[in-house]
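Just so you know, the protein sequences line up as chains A and B, in that order.
For the first sequence, my numbering begins at 1 and goes up steadily by one.
For the second sequence, my numbering begins at 143 and goes up steadily by one.
No wet-lab data here; the hints were simulated from the structure.
Keep in mind it's a predicted model, so treat the numbers as computed, not measured.
Quick list of simulated restraints, FRET-style, between CB atoms:
1) T144/B <-> A133/A: 38 to 44 Å
2) L70/A <-> D216/B: 32 to 38 Å
3) A3/A <-> A193/B: 21 to 27 Å
4) V71/A <-> L214/B: 26 to 32 Å
5) P180/B <-> F43/A: 40 to 46 Å
6) G73/A <-> P180/B: 37 to 43 Å
7) V201/B <-> L75/A: 28 to 34 Å
8) V220/B <-> S74/A: 35 to 41 Å
9) L214/B <-> A133/A: 38 to 44 Å
10) T84/A <-> V220/B: 37 to 43 Å
No residue lacks a Cβ here, since even glycine has one placed at the ideal position from N, Cα and C.
Chain by chain, the residues:
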Amino acid sequence: MVATPFTPIASLLGGALIGLSAVLLMWATGRIAGISGIASRLFPPYEDRAFAGRLAFVAGLIAAPVLVRLVTGSLPAQTIAAGTPALVVAGLLTGFGSVWGSGCTSGHGVCGLSRLSLRSLVATVTFMATGVATVYLIRHWS
Amino acid sequence: MTILVQFAIGLLFGLGLVISGMSNPAKVLNFLDLGGIPAGTWDASLAFVMAGAVAVTFVGFRHVLKLAQPLLADRFHVPTRSDIDPRIIVGPAIFGIGWGLAGFCPGPALTALGFGSISALVFVVAMFAGMVLARFIAQLPSSTRLAAPVDPLET
Chain A
1 MVATPFTPIA
11 SLLGGALIGL
21 SAVLLMWATG
31 RIAGISGIAS
41 RLFPPYEDRA
51 FAGRLAFVAG
61 LIAAPVLVRL
71 VTGSLPAQTI
81 AAGTPALVVA
91 GLLTGFGSVW
101 GSGCTSGHGV
111 CGLSRLSLRS
121 LVATVTFMAT
131 GVATVYLIRH
141 WS
Chain B
143 MTILVQFAIG
153 LLFGLGLVIS
163 GMSNPAKVLN
173 FLDLGGIPAG
183 TWDASLAFVM
193 AGAVAVTFVG
203 FRHVLKLAQP
213 LLADRFHVPT
223 RSDIDPRIIV
233 GPAIFGIGWG
243 LAGFCPGPAL
253 TALGFGSISA
263 LVFVVAMFAG
273 MVLARFIAQL
283 PSSTRLAAPV
293 DPLET
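So that you can see chain B by itself, here it is in the shape it has in the complex (with noise of 0.2 Å):
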């Protein structure tokens, strides 16, 4: 049952993907070159998806954070940390480099292997092998001394 629900939303995540034009990395990059808009090239449609999806977002947590507990699981997972440390800045500045080399994030980059792209599932292995390194980097004991979050994939 669960397994089946969680399918169903990654399904909808994924259309809202395709639907939304992100799984087409043409149509980020486009959104990512503010030196476009000169040439009347950019493509502001990314901040549509974005404003869409914290929209809807914003106000069903509201709600749901509200409840005792979900439906499917004992207690909620959120995220409490509020520290600004190196890593929340040289991740996603990295992270920034590979979105603006290629036009994937990881999730449209998964979607993206459903249009059965051979490129994407390039990007998508490489994607994974560096999701294990940083995890594995991440486990050494020299950086939990120098981060030493609780988890450390915790958003």
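If we strip away everything but chain A, and leave its shape as in the complex, we get (with noise of 0.2 Å):
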């Protein structure tokens, strides 16, 4: 594993930009900022006529690191510590679970918890359950 150092001040903040564009995403278009639903309805079947909206998020989430690299002239450390098998397992169960059970980190952990939902509070604490167990196994079973 790669040590990482505690940014506190930065996580906050950066926190709070995902949490002031989920609010203007509501704002604007009427819509929860729920990655894994905007994502997911990009392919078919298409249920309405938002296709574009969609698109032009993910493309949004993908300049990001862009737009910090033209302006700082670098980008921070990421370093992704899983070999090809491995992500290609976990980019399955990450997208089936995710669909399946409704949402994500962003749309239970940000926008339900906002809103107070029962289902987003359950979700959330399965998913975190389901990952510290997994992260435990992987690096502390022997």
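Both chains are given apart, each in its own frame, so use the hints to dock them into the complex.
This is the structure:
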């Protein structure tokens, strides 16, 4: 594993920006900023005509580090320890589970908890628990 | 206009992910690693991201949802379900395993694409496949009989 520094100020500030984005999306479009919901609806079947807006939102997500690099000349550290087979399995599980459970860290964790939704609380506690258990098994089970 | 606004809002979300450190899977995994507390390698940053995001969203939603309608749409699409069905536990349980394996959830994985990471691309392609599969299964007649939500993706 790679040690990472504890960054309370930057993380609180970045979190506030994520919250601001969620509020602005609700204000502008009336939609929950749930990334799994937005990303999965880029694919058929299409239930509404909001495709272009979703694609623009995702393009914004991807453009963020590009903008950071243009402005500051560098990017923060990014360490992806998982190998290709693990990434494929993890991606499949993340994609399937987030759609099956109607949301991920953003839709349930940020927007749902902010709306005091019981379903989102159950979802958030559950994915935190299995996430913690998975990391424990990988790093400490011997 | 709407497209440009949504691009800007997505950009803001992505900047939040980069600044908070969540576009780095190692930080996420070190948060989930409660076994690292005794060794001093636990990284509590993710809790601060959630706290900052929920605090702003909690206050912001209170104000915005009092409005008659959104600026650029005819109505608010806010989830109304409150029942605890098996899917609201099984889905997040599966998602959490994937999250713990690689340290990526959907938002940070997409933002990681902008770092030019091939690993992130592999993850995102697999994630899209998993999403399409889940939507396909949710639409099968047998599974709608079991769950029958009006919108299978509603939060």
